[in-house]
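S.K.: Heads up, the sequence shown is in our numbering, so the first residue is 10 and it goes up one at a time.
Hints may contain errors.
Stated by the list, open to error - Simulated restraints, written as ranges between beta carbons of each label pair:
1) 170 with 20: 27 to 37 Å
2) 219 with 159: 36 to 46 Å
3) 214 with 29: 39 to 49 Å
4) 66 with 200: 36 to 46 Å
Hints are computed from structural coordinates only; laboratory data are not their basis.
Using N, Cα and C, we set each Cβ at its ideal position, and we do this for glycine too.
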Amino acid sequence: MQQQPYPLGRFHAELVALEPRFATALAACTLFLRRYLPGEAIMRQGERCEHLYLVERGRVSLNSAVHSGRLFQLGEIECRHQIFGEMEFFSATPVQWSVVAETELDASVICAHKLAQRLLAEPELTLFFATALASDYLDTLDITTSRLLHPIAYNIAYELWRERQRTPMLGSRKRAHEAARFGTTERVYRRALKELIEQGIVGEGSDGPVIADLAKLRAYLAL
Numbered sequence: 010m011q012q013q014p015y016p017l018g019r020f021h022a023e024l025v026a027l028e029p030r031f032a033t034a035l036a037a038c039t040l041f042l043r044r045y046l047p048g049e050a051i052m053r054q055g056e057r058c059e060h061l062y063l064v065e066r067g068r069v070s071l072n073s074a075v076h077s078g079r080l081f082q083l084g085e086i087e088c089r090h091q092i093f094g095e096m097e098f099f100s101a102t103p104v105q106w107s108v109v110a111e112t113e114l115d116a117s118v119i120c121a122h123k124l125a126q127r128l129l130a131e132p133e134l135t136l137f138f139a140t141a142l143a144s145d146y147l148d149t150l151d152i153t154t155s156r157l158l159h160p161i162a163y164n165i166a167y168e169l170w171r172e173r174q175r176t177p178m179l180g181s182r183k184r185a186h187e188a189a190r191f192g193t194t195e196r197v198y199r200r201a202l203k204e205l206i207e208q209g210i211v212g213e214g215s216d217g218p219v220i221a222d223l224a225k226l227r228a229y230l231a232l
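Work the whole structure out from these sequences, hints included.
M.R.: Spelled out as structure tokens, the structure:
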């Protein structure tokens, strides 16, 4: 979730007014600042965590793995005062998604116990978490539902459309991560991408697939 209020939502005006108090509360509950190197895990799937992490600048990825080694990468986030660990904070459950630094970055380590006491004293600040969690939930659900209901080729095209419409919270065009982004193998991913290229819908960019023909993309997605 973002520290700043999301641009849309029922309580946007109220959150803007409360933002200085929310920032003060987070600062008061911060224990220390820690630096993470590329590839280093900030949070690990399955572990218990008594901290939240605030990353002002830097890029992180979120992924989930199974014992066989298969990896599903939900995506990458270009952080702008991003908070991680809020789900585990409220649910008191183990970490669901590993959060990994993709660039060198600094994270403020926030004490969950101190933050809980602060929210009990100032319950109106929980509105930041409620609105952000609702927005992030819908964004994540949109991604995972599309993955379940549509073939790989459709999802590749749909992601490109999402990126054109807005800057998504979760998105990655890194070639090495593309197969994991769609929960499949490199071979299956390349075959799906080739299908889109042959139809003239998608082209090969320097950092991965790009839209080759917007009209064809819209027709393919039935938009």
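S.K.: Now look at each hint and say whether the structure bears it out.
M.R.: Hints, one by one, checked against the model:
| no. | hint | result |
| --- | --- | --- |
| 1 | 170 with 20: 27 to 37 Å | holds, 29 Å |
| 2 | 219 with 159: 36 to 46 Å | violated, 20 Å |
| 3 | 214 with 29: 39 to 49 Å | holds, 41 Å |
| 4 | 66 with 200: 36 to 46 Å | holds, 37 Å |
Violation of the numbered hints given earlier is confined to hint 2; every other hint is satisfied by the structure.
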